[in-house]
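Undergrad: Sequence:
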Amino acid sequence: MALPEAVLAGMAARGPDWAGWVDSLPGIAAGLLAEWELTVDWPPMSGFCSIVLSVRTPGGRPAALKIAFPDDESEHEHLALQHWGGRGTVELLRADPRRRALLLERLHHEDLNSLWDLEACEIVAGLYSRIHLPAPPRLRTLSSYVDRWRESLTNLTRDAPLPPRLVEQAIALAGDFVADKACDGTMIHGDLHYQNVLAADREPWLVIDPKPMSGDPHYELAPMLWNRCDELAGNVRDGIRRRFHTLVDAADLDQERARDWVVLRMMLNATWALEDAARLATDLSDSGKEWVTMCVTIAKAVQD
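Following our numbering, the numbering of the sequence shown begins with 9 at its first residue and continues without gaps.
No lab work stands behind these hints, which were simulated from the structure alone. Each hint should be verified, as a subset may be incorrect.
Ranges of calculated distance between the beta carbons of each label pair, as one might list FRET restraints [to be verified]: (1) S295 with D155: 29 to 37 Å; (2) R106 with T47: 38 to 46 Å; (3) D49 with T149: 20 to 28 Å; (4) D184 with D49: 28 to 36 Å; (5) A190 with D49: 41 to 49 Å; (6) D184 with A10: 45 to 53 Å; (7) D155 with P24: 23 to 31 Å; (8) W280 with R106: 24 to 32 Å; (9) T162 with E298: 37 to 45 Å.
For every residue, glycine included, the Cβ atom is placed at its ideal position computed from N, Cα and C.
Can you build the whole structure from these sequences, using the hints too?
TA: Written out as structure tokens, the structure is:
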């Protein structure tokens, strides 16, 4: 199987674990195709952490074979899709968790990037209510992640290019959420944004690619704010506020709690960008500086 260049060059360059997985992909795919009697009818595509093959089942049904990098985020994807049962989400036809392989119903290529951002926000808000179900016990808890992430914030140096007030606020919020029982208990997607909702035949729009956790529904909003930010050039703060309030109002969420999660997530994103640069012993790239600035702008915008 010929792998996309984004897989061969991009994924393999992320380190030895990724390079080893990329080397194993042709064999994994060949084994699954043979065992599940699937026929490939389109070249493979790639996301950030997975490849997807358009296939047909033995009965001729169009489907998609997804093979993901074996990390924490992909470990329980099959559990979430089983739990949702295709209600508002792509339908899971078959799974091999050991090989991080999912056979899914085939959807269209059109995603919510094709719509006006506020219309897309209303659609996603409507999907929240369908996917936010009581979490299965095997899912990792959001509070356990936050407890670990808080260390990144507390380890920031004094000269970090972030507003000290926002850093202190994020540290306090992290501590509050870790101690809050409502931080866990609801199955959340974890990375629900415009490209993770695809057009379908069975329903107009279906959710894909969950990074499931047992968490808090208010955690979900931030990716809808930082994605497509280039469209808001010249009026970023007002654009972010419009998206934020559209999501909160349409999903009937608590505004203050949603705001606090956005602030925490944006400051964590900025901190991780700084950590990545420090780990490589390099200065932030221009794109990295723009990303950190955007994170700070979003954190401020939802509090104005």
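Undergrad: A range of 41 to 49 Å was offered for this pair. Does it hold for the Cβ distance of A190 and D49?
TA: With a Cβ separation near 46 Å, A190 and D49 satisfy 41 to 49 Å, so the hint holds.
Undergrad: Using the Cβ atoms, figure out if T162 sits within 37 to 45 Å of E298.
TA: 25 Å, violated
Undergrad: Should the hint that D184 and D49 are 28 to 36 Å apart at their CB atoms be regarded as holding?
TA: Given about 51 Å between the Cβ atoms, the range is violated.
Undergrad: At the C-beta level, are D184 and A10 separated by a distance inside 45 to 53 Å?
TA: 50 Å, holds
Undergrad: Taking the beta carbons of D49 and T149, is their distance inside 20 to 28 Å?
TA: 40 Å, violated
Undergrad: Taking 24 to 32 Å as the hint, is the beta-carbon distance of W280 and R106 inside that range?
TA: At 29 Å between Cβs, range holds.
Undergrad: Against the range 29 to 37 Å, how does the distance between the Cβ atoms of S295 and D155 compare: consistent or not?
TA: Once the Cβ atoms are compared, 30 Å apart, the range 29 to 37 Å for D155 and S295 holds.
Undergrad: Given a hinted range of 23 to 31 Å, is it respected by the beta-carbon distance of D155 and P24?
TA: 28 Å, holds
Undergrad: Go ahead and decide if the range 38 to 46 Å is satisfied by the Cβ distance of R106 to T47.
TA: Violated, since R106 and T47 (Cβ atoms, about 23 Å apart) do not stay within the stated range.
Hints 2, 3, 4 and 9, counting from the list given before, are not met by this structure.
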